[in-house]
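Student: Sequence:
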Amino acid sequence: MKPALVWFRQDLRLADNPALAFAARSGRPLVCLYILDDETPGQWAWGGAARWWLHHSLDRLDKSLTRHGGHLVLRRGDAGKILASILKETGAELLVWNRCYEPFAVVRDTTLKKQFTDNEIAVESFNASLLFEPWEIATKDGKPFRVFTPFWNALRQQNEPGKPQAALGSLHFAPRIKSDRLGDWDLLPTKPDWAKGFDWTPGEASARRALSSFLDEIGNYAAARDLPGKDGTSRLSPHLNFGEIGPRQIWHAVKPHAHARGQGAQTFLKELGWREFCAQLLFYNSELPDEPLDKRFAKFEWRRNKKDFDAWRQGRTGIPIIDAGMRQLWRTGWMHNRVRMITASFLIKHLGIHWKDGEEWFWDTLVDSGLANNAANWQWVAGSGADAAPFFRVFNPVLQGEKFDPKGEYVRRFVPELKKVPEKYIHQPWKLPEPPANYPNPIVDLAQGRDRALKAFKALSQRQPKG
DNA sequence: TGAAATGTTGGGGCG
DNA sequence: ACGCCCCAACATTTC
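Just add 46 to wherever you are in the first sequence, counting from 1, and you've got our numbering.
Hints listed in this document are in silico derivations from the structure and should not be mistaken for laboratory results. Using N, Cα and C, we set each Cβ at its ideal position, and we do this for glycine too. There may be inaccurate statements among the hints.
[As the list claims (entries may be wrong)] Only pairs whose alpha carbons sit at most 30 Å apart, straight line, appear in this in silico DSS-like list of lysine-lysine: (1) LYS477 - LYS276; (2) LYS109 - LYS341; (3) LYS109 - LYS242.
[What the hints assert, rightly or not] Restraint-style ranges between C-beta atoms, simulated for each label pair: (4) LYS352 - PRO87: 20 to 28 Å; (5) LYS301 - ARG122: 34 to 42 Å; (6) GLU317 - TRP231: 27 to 35 Å; (7) ASN487 - PRO87: 22 to 30 Å; (8) ALA91 - LYS352: 44 to 52 Å; (9) GLY208 - SER507: 36 to 44 Å; (10) MET47 - GLY243: 42 to 50 Å; (11) ASN199 - PRO87: 50 to 58 Å; (12) ALA270 - LYS237: 17 to 25 Å; (13) LYS477 - ALA200: 45 to 53 Å; (14) SER225 - PRO87: 19 to 27 Å; (15) ASN487 - PRO452: 22 to 30 Å; (16) LYS189 - LYS352: 36 to 44 Å.
Work out the full structure: start from the sequences and follow the hints.
Tutor: So this is what it looks like as structure tokens:
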């Protein structure tokens, strides 16, 4: 029997993997392939931290396949060319994949499906990375939603998302073919090894452990998730980003907790809803990562200030909660969600710097930098996105710090210069009679920054109707 | 998934 | 005892 080619992309798992399951059930010997395609995505090829994750995740996937007697074939370059050559090399007559929803991926995959089908190759694609297809959740007149709450209500009125597929028994594989060596892809940092502080274990098994330990604490999620000094979030995002675990597996594991006391499970399911909402926004608005959804923002005059931007990136703005967040990001490849909102608001509003600059930095430094989430959320903070924060909503990083990191645990963990600052001043050390000499003064006066932002954004909001 | 300014209320001090 | 003022505490409005 001719082989089936399984093209892995953002579904680096064996469980609940409909494409893999379909290929296995076909009875054909399997060729499992991952292509590092940096050409198709253009600017949005995986950033540095995501590449670190990808390296380890591919390594884990290969080991899982090895346990089943197979291996993962690695190739690098334009996906279409590589697929064509492997189809020829192996004689495979069936090609399967799980769908990606980034606009460039949709274009590529649609073209390839037609091209290969025309050449007598059976091509099947599946949904492994969303609860529902973007086109399955629509308004009464069939349009995509622009506001989260009605989107969420519509999602909840659907039948339950499909149950995850049971784990596969045995797999059998086609003879081994040539593969790149993972180490030759240079996905890991070298010069400075900035990933040495990453406290993550990529891979499907680790994803499942993360889910299971999160479920033990999910009752506290509603309140604990806002406290960056606590470990109250699921930390599933990078696992989801590469599909080491699927949203349906998570949904059905969390659902039984949704009737217990406390809002934890419900609140968390809603976060999965935001993920779906972002995916839909990008699916229907291909310009989302690059252009403001609200066209009034197209001519907005952002400040260009390299010095301020560098201070933000490097976590030396002189505002403790901002610096703690930016340093957590650089050191661990991840930032607590509450602090993502605060740091993003500070960059956009207090510093007046373009949200795209922030978006690109997060893209490069986050291990969970999904295109849809990253773009939609930056635009949300900027006020140019869907269901966006109004322009006048400016986070005060001092108040946010006092509210959500009242003892300064989080700040002290990532900003050692402030370790000894008393609680009262931990979020505004410049008010100390003698501020720590090795910690910078604020690069912007918070009241002035807020004022400048309000003026600029107010002028913009009066310009013309939304586009 | 804000913050600050402004308005209102009501208890207590005090003449 | 009463009215006046002060000012938390809370609510509403505005940016």
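Student: Are the hints correct? Go through all of them and say.
Tutor: Results for each hint:
1. LYS477 - LYS276: 26 Å, holds
2. LYS109 - LYS341: 48 Å, violated
3. LYS109 - LYS242: 23 Å, holds
4. LYS352 - PRO87: 20 to 28 Å: 26 Å, holds
5. LYS301 - ARG122: 34 to 42 Å: With a Cβ separation near 40 Å, LYS301 and ARG122 satisfy 34 to 42 Å, so the hint holds.
6. GLU317 - TRP231: 27 to 35 Å: Roughly 32 Å apart at Cβ, these two residues keep to the hinted range, so it holds.
7. ASN487 - PRO87: 22 to 30 Å: 40 Å, violated
8. ALA91 - LYS352: 44 to 52 Å: 24 Å, violated
9. GLY208 - SER507: 36 to 44 Å: Holds - the Cβ-Cβ distance for GLY208 and SER507, about 42 Å, lies within 36 to 44 Å.
10. MET47 - GLY243: 42 to 50 Å: The hint (42 to 50 Å, Cβ to Cβ) holds, given that MET47 and GLY243 are roughly 48 Å apart.
11. ASN199 - PRO87: 50 to 58 Å: 33 Å, violated
12. ALA270 - LYS237: 17 to 25 Å: Check failed, 38 Å falls outside 17 to 25 Å.
13. LYS477 - ALA200: 45 to 53 Å: The hinted range 45 to 53 Å holds for LYS477 and ALA200, with Cβ atoms some 48 Å apart.
14. SER225 - PRO87: 19 to 27 Å: 22 Å, holds
15. ASN487 - PRO452: 22 to 30 Å: 24 Å, holds
16. LYS189 - LYS352: 36 to 44 Å: Since LYS189 and LYS352 have Cβ atoms about 41 Å apart, the given range 36 to 44 Å holds.
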